[in-house]
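Sequence order for the protein chains is A and B.
Heads up, the first sequence is in the numbering used here, so the first residue is 1 and it goes up one at a time.
Heads up, the second sequence is in the numbering used here, so the first residue is 1 and it goes up one at a time.
No wet-lab data here; the hints were simulated from the structure.
Worth double-checking, as some hints may not be accurate.
Stated by the list, open to error - Dumping the calculated DSSO-like pairs for lysine-lysine here, alpha-carbon to alpha-carbon at most 27 Å:
#, chain 1, residue 1, chain 2, residue 2
1, A, K92, A, K167
2, B, K66, A, K420
3, A, K420, B, K95
4, A, K172, A, K420
5, A, K228, A, K113
6, A, K167, A, K113
7, B, K241, A, K92
8, A, K92, B, K95
9, B, K66, A, K92
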Amino acid sequence: MITFMNNSDSEEEPCNERTSLMSAESPPVPSYQDGLQASAAGEAQAHRKRRTGSSRSPNNTVDGETSDSDVPVRESTLENEEEEQILKYGAKHVIMLFVPVTLCMIVVVATIKSVRFYTEKNGQLIYTPFSEDTPSVGQRLLNSVLNTIIMISVIVVMTVFLVLLYKYRCYKFIHGWLILSSLMLLFMFTYIYLGEVLKTYNVAMDYPTLFLVIWNFGAVGMICIHWKGPLQLQQAYLIMISALMALVFIKYLPEWSAWVILGAISIYDLIAVLCPKGPLRMLVETAQERNEPIFPALIYSSAMVWTVGMAKPDAAARGASQQTWDAAEDGRENHRSPSHADSHMSETRSPGQTRPITSLEELGEEERGVKLGLGDFIFYSVLVGKAAATASGDWNTTLACFVAILIGLCLTLLLLAVFKKALPALPISITFGLIFYFSTDNLVRPFMDTLASHQLYI
Amino acid sequence: MGAAACLGCAAIAFGPALALVLLTVAGEPLRVIVLVAGAFFWLVSLLLASLIWFISVHLSDREDAKLQQSLLILGAAISVLLQEAFRFAYFKLLKKADEGMAMISEDGRSPISLRQMAYVSGLAFGIISGGFSVINILADSTGPGIVGIHGDSPYFFITSAFLTMALVLLHTFWGVIFFDACERHRYWCLGVVVASHLLTSGLTFLNPWYVASLVPIFIITFCTGLWAFITAGGSFHNVLKCLSCKGGGAGQGWGHHWGVSDPFEV
């Protein structure tokens with residue numbers, strides 16, 4: 001649901017993100033609505049009715065079902081149709097998240113398997129000060145638990161700090177913080193990554209070319225993430241920065257600490273998103289109350305949010321193939337470009353103006369998406385990357401963790417469709433991932449190795 | 001051997017599977033979900049089988065080679081039986097999901113038929129089973145080395161690739177036949193599927209003697225393929241019809257035939 005970036009002074013550890021999963025639902029106001037629920041096609045009468053019906057209760061995150069209680073009986077068949085649409089669009093949203101998560105994991109695993117730099121031990125972050133080089137198992141376990149406690153406390157403090165800043169509307173501070181973190185990711189980490197890849201493949205590159213490449217990459221990235229850009233380019237950049245962050249974690253977290261941190265952070269995610277006083281839940285609720293999207297630099301969105309009341313009724317949504325997403329702070333500054341000209345961004349409304357719905361027919365078919373926080377991408381990739389790095393060169397473990405994470409994501413999205421409120425995306429996937437990692441590494445690997453050495457197939 | 005061997009063997013092993021996925025599964029979100037869930041079920045069955053094998057190995061004498069060999073054979077047999085058991089469990093789950101989707105849909109039919117789910121689940125089992133069997137071999141084939149330098153067969157990589165391809169296709173066919181047999185309560189069909197899986201696995205025990213293992217396995221694959229085709233409602237007439245309506249898209253014709261000729265739809 002929420003990701004936050006932790007900017008520190010240390011060169012090594014800039015960002016610390018964690019998130020969970022959120023359906024792109026916000027309290028429906030006439031000019032702005034999104035959500036998995038509203039992803040059904042807009043022709044049905046009941047669709048319109050349900051939308052206006054649910055707009056009665058702006059904060060219906062919890063009581064999403066009760067707003068339908070006074071719907072007349074004859075709409076039950078239309079409800080069925082909506083459920084079918086939810087099912088169809090729900091499956092589509094699952095795939096819309098499978099693809100980026102898979103891409104991120106592929107990038108991380110490919111890098112881990114080919115570039116030696118990210119599997120070499122070269123020191124640790126300041127957040128995990130205890131070393132794991134001790135000979136005794138008990139001491140090592142204790143050190144990893146202590147590392148985890150320190151890391152999780154840092155994350156908790158930073159999350160609470162971010163939520164306080166958001167609550168007291170210190171937007172400039174938050175944006176400055178986010179911009180600094182993404183600057184560091186897009187420039188410094190990309191430079192290091194590119195340097196290591198070039199070293200691995202023994203490709204010579206001169207500094208002017210390198211400067212040009214990194215400058216362009218970083219500048220376009222900053223623009224796409226923090227301002228406006230084609231949706232797919234923005235998604236690609238978000239995937240890349242998640243992969244870079246995951247690689248940093250894989251390199252600098254010691255082995256046992258990494259597993260304990262993964263476990264602890266999914267528990268923290270569960271608490272922070274579901275408990276009434278959890279910081280992430282408060283962040284989501286505040287954002288929904290104010291009807292603003294959460295900072296675009298922290299969330300991956302699979303589709304754009306449409307606004308109604310556009311200047312040109314004929315340009316109303318008819319399918320959302322190419323969209324641009326204005327990632328500015330005011331949520332009402334959503335712009336759309338026609339599907340043919342994705343390089344143009346047409347500003348149809350001045351910022352800050354809210355226009356009521358002139359006609360609901362303008363909505364047409366809306367493409368609602370699901371949002372997944374970048375921290376989820378990062379920690380999924382950390383799990384799979386660690387499996388690829390440390391599982392004795394075995395690909396079976398990597399495959400098993402990959403399938404486990406995808407199934408966890410699928411189950412989480414199923415729960416999201418059922419509960420229709422922000423949910424933590426880490427717990428189920430990380431639990432499955434951890435179970436499959438340890439069991440595949442210790443049980444399945446010897447079995448499959450023995451079978452493969454005799455060329456036996458089961 | 002290098003990247004050429006790796007790429008070539010990967011193409012042999014996963015070419016048909018990749019083509020099937022790209023043509024029939026990748027476009028439909030529900031089928032992709034069924035695919036991933038099927039892979040998950042297979043993984044759980046493998047986990048249980050490995051657990052049993054691991055415990056038996058640790059409780060036994062490590063030095064005795066014959067005992068270890070027979071434990072391996074037993075482990076493989078248990079793994080096959082568990083895979084089929086989990087295929088049955090997946091059938092139950094998909095049947096329930098099918099009924100649920102039919103209930104909430106507006107015209108009483110679920111968006112994906114049980115036959116399509118049978119095919120996709122078989123493909124899922126095949127891909128993950130083939131993947132687990134061959135991916136380490138593919139990774140090793142990129143590295144430096146000479147195959148069979150200690151007197152083993154030099155055809156290790158290519159025969160592994162062909163075996164994997166046969167296994168992927170076999171799992172797909174078994175999925176179709178299995179679900180159909182469960183649906184129509186023809187339990188002898190189930191028995192034949194399990195027996196043919198055991199037979200295939202057993203044939204791989206003959207392995208450096210590739211004539212005795214590869215040729216029968218491919219014959220079994222072909223026969224099972226024909227049986228699955230007939231089970232799914234195919235016939236020579238259908239093939240001609242499909243080839244003649246090339247303009248409408250052969251892939252769509254295939255899916256269309258599967259959907260239309262489904263006796264499970266009310």
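Now the hints, each set against the structure:
Of the supplied pair hints, the one linking K92 (chain A) and K167 (chain A) is violated, its CA atoms being roughly 34 Å apart against a limit of 27 Å. Restraint check: the Cα-Cα separation between K66 (chain B) and K420 (chain A) comes to about 58 Å, which exceeds 27 Å; the hinted pair is violated. For the hint linking K420 (chain A) to K95 (chain B), the alpha-carbon distance of about 26 Å falls within 27 Å, and the restraint holds. A distance of roughly 31 Å separates the Cα atoms of K172 (chain A) and K420 (chain A); the hinted pair therefore is violated under the 27 Å criterion.
Annotation: proposed proximity of K228 (chain A) to K113 (chain A) is violated, straight-line Cα distance about 34 Å (limit 27 Å). Between K167 (chain A) and K113 (chain A) the alpha-carbon distance is near 43 Å, which puts this suggested pair outside the 27 Å criterion. Our distance criterion of 27 Å between C-alpha atoms is broken by K241 (chain B) and K92 (chain A), whose separation comes to about 32 Å. Distance check on the hinted pair: K92 (chain A) and K95 (chain B) sit about 21 Å apart at the alpha-carbon level, within 27 Å; holds.
Taking the CA atoms of K66 (chain B) and K92 (chain A), the gap is about 52 Å. The hint is violated against a cut of 27 Å.
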